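Novice: Generate coordinates for the entire structure from the input sequences, incorporating the hints supplied.
Just so you know, the sequences run in chain order A and B.
At position 132 of the first sequence (counting the first as 1) the number is 132 in UniProt numbering, and the numbers step up by one without a gap.
At position 190 of the second sequence (counting the first as 1) the number is 190 in UniProt numbering, and the numbers step up by one without a gap.
Please keep in mind that the hints were generated in silico from the structure rather than gathered at the bench.
Here the structure is a predicted model, which means the values were calculated and not measured.
Where a beta carbon is used, it is the ideal one built from N, C-alpha and C, also for glycine.
Worth double-checking, as some hints may not be accurate.
Stated by the list, open to error - Partial pick of chain A residues on the chain B-facing surface, computed with a CB cut under 7 angstroms:
hint, residue
1, Asn101
2, Ser113
3, Ala114
4, Ile116
5, Val119
6, Val125
7, Ile134
8, Lys151
9, Thr153
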Amino acid sequence: MAAETGTPTTLTLKSNDDELFSVAESAAILSVTIRNMVEDGCAGGVIPLDNVDGKTLASVITYMNGISAIPADEEKKKSYRDKFLSDKDFETLADMVLAANYLNMSCLMDAVSAKIAQVMEKKSVGWVRRKFGIENDYTPEEEAAVKEEHKWTFEGVETDDDN
Amino acid sequence: MHQLPVEILEELLSWLSVKDLLRFKSVCKKWNSIISSQHFINLHLKKSISTPSRHRIFMPYRETFATVDYYGKDLDSDRKRPSVFMPRPEETIGKFLGGGTCDGLLCYLDRVTLRMCVWNPALRLSKTLDLKIPGIVRTLLFFWFGRESYDDEYKVVVGIRGRTESRNRTYLIKPFSDNCVTESTQSETDDLYFRSFDEGTLLRGTVHWLTVSPRINTVGSIGQCAVFTYNLGSRTLGKLSTPVGLDSNGVIGVMNGCLSAVYNARRGGCPIYEVWVMKEYGVKESWTKFMNISPRISDRISSSTRLKFVGVTDKGDLIVSCAPNFELLIYNVVENKSKTLVNYGNGSARMYVETLVFPRFA
Numbered sequence: 001m002a003a004e005t006g007t008p009t010t011l012t013l014k015s016n017d018d019e020l021f022s023v024a025e026s027a028a029i030l031s032v033t034i035r036n037m038v039e040d041g042c043a044g045g046v047i048p049l050d051n052v053d054g055k056t057l058a059s060v061i062t063y064m065n066g067i068s069a070i071p072a073d074e075e076k077k078k079s080y081r082d083k084f085l086s087d088k089d090f091e092t093l094a095d096m097v098l099a100a101n102y103l104n105m106s107c108l109m110d111a112v113s114a115k116i117a118q119v120m121e122k123k124s125v126g127w128v129r130r131k132f133g134i135e136n137d138y139t140p141e142e143e144a145a146v147k148e149e150h151k152w153t154f155e156g157v158e159t160d161d162d163n
Numbered sequence: 001m002h003q004l005p006v007e008i009l010e011e012l013l014s015w016l017s018v019k020d021l022l023r024f025k026s027v028c029k030k031w032n033s034i035i036s037s038q039h040f041i042n043l044h045l046k047k048s049i050s051t052p053s054r055h056r057i058f059m060p061y062r063e064t065f066a067t068v069d070y071y072g073k074d075l076d077s078d079r080k081r082p083s084v085f086m087p088r089p090e091e092t093i094g095k096f097l098g099g100g101t102c103d104g105l106l107c108y109l110d111r112v113t114l115r116m117c118v119w120n121p122a123l124r125l126s127k128t129l130d131l132k133i134p135g136i137v138r139t140l141l142f143f144w145f146g147r148e149s150y151d152d153e154y155k156v157v158v159g160i161r162g163r164t165e166s167r168n169r170t171y172l173i174k175p176f177s178d179n180c181v182t183e184s185t186q187s188e189t190d191d192l193y194f195r196s197f198d199e200g201t202l203l204r205g206t207v208h209w210l211t212v213s214p215r216i217n218t219v220g221s222i223g224q225c226a227v228f229t230y231n232l233g234s235r236t237l238g239k240l241s242t243p244v245g246l247d248s249n250g251v252i253g254v255m256n257g258c259l260s261a262v263y264n265a266r267r268g269g270c271p272i273y274e275v276w277v278m279k280e281y282g283v284k285e286s287w288t289k290f291m292n293i294s295p296r297i298s299d300r301i302s303s304s305t306r307l308k309f310v311g312v313t314d315k316g317d318l319i320v321s322c323a324p325n326f327e328l329l330i331y332n333v334v335e336n337k338s339k340t341l342v343n344y345g346n347g348s349a350r351m352y353v354e355t356l357v358f359p360r361f362a
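Specialist: Listed below in structure tokens is the structure:
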């Protein structure tokens, strides 16, 4: 690895829609998946990331560069993560959780999961079905029974047209 | 949006609150089965315990309870009182004695009938069962509820004394498997006094209770303290010394992985609370003074105040309850400053996590 010679090494990452990205190795190895490839010597040419699209990969690389520029200060890293995720919509967050899982980046995975959970707080069942693209497979009777069992959890829920 | 693989969905859901999760059982059958599964319940439990921001303070009142986070979000901001009070199950009120918190469960025991109530406030579920302990007329001396690790069973340790007996008897019960009772008898007939509000402190597989001997000690003062121990593995009883000077107003706990004790080291006048830790477990000489808590941290603290550590915040500040006015303070050790978190607190406030855990009864 070039770190020993002092020259920063750059890796080329390829998204599943064939976009190419250059990123400093020191930032890219935040991903355990990429680090393993580098350590195994399979990072010579282009690293194909078959499960991540260009838009999401661009975001992840912004995160990699941003977080690796911060010295070991958990407080500052946390506030960077909060700021980084603050303007992301639900679909982007869902794509990022898949990417973070595939790239094996636990810090991003935790931050995105926590952010999604925060967005889902007090949301209606209808909202969740819509955002997750879930078909309601309950019969009306079954659904009424499940709701009845946990009736109190529907108090204080954000109003939603098709709850 | 593409369907998320089950493992990722579980990971996402493990960050949600119990209330949100119970509601989302209505989303679809798959979500219901994930949220109801033992695997997910454990995943959510571990995530909740290891995430300090999800720890809350549980405060029982006479017939109600409240839980608040230590950022003060759930408080009525002017009066610093909890904004929501929920009713307590009947089986936890009055003659029922609180015996600790574990995994979001609270356990209460009827002092006379030894009927036990296990309660998960977040699920709003409670259930009772009778502990099959021989003898009828007896006094409940102490008890503890919990488990040592995630793969361990829940256990109850009960200390009782029959009316005509001279010795304490200690029982270990696994209430949710066989409800079978194992007895350990105290070898010495030492007359120990247990305080009823001491829930026991688990450390190194051993439960610890502070006891006071009613006998007059060598210095001529009454109330020599000792720590009574019960080892869950070997089921043996034992005794550990306390720092010299600790009296019946002292409180034991765990700090930095060591047995700790807090007590007012000055009688009368302005109190000085000393915090001691037993650096080497079981070694009397290793009791070391860890810090002093200056009385200046709050003008509410007087010589009759009993300080009790409730827990530690994610920033390392101590959460302290002050009896008898029952105020909860957040104490910043470095700056030696405190602020009032809850004005309408309670002496048995304890740290608590909301979980989906509810034991299956055999």
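Novice: If you test the structure against every hint from before, which numbers come out violated?
Specialist: Violated hints: 5 and 8; rest satisfied.
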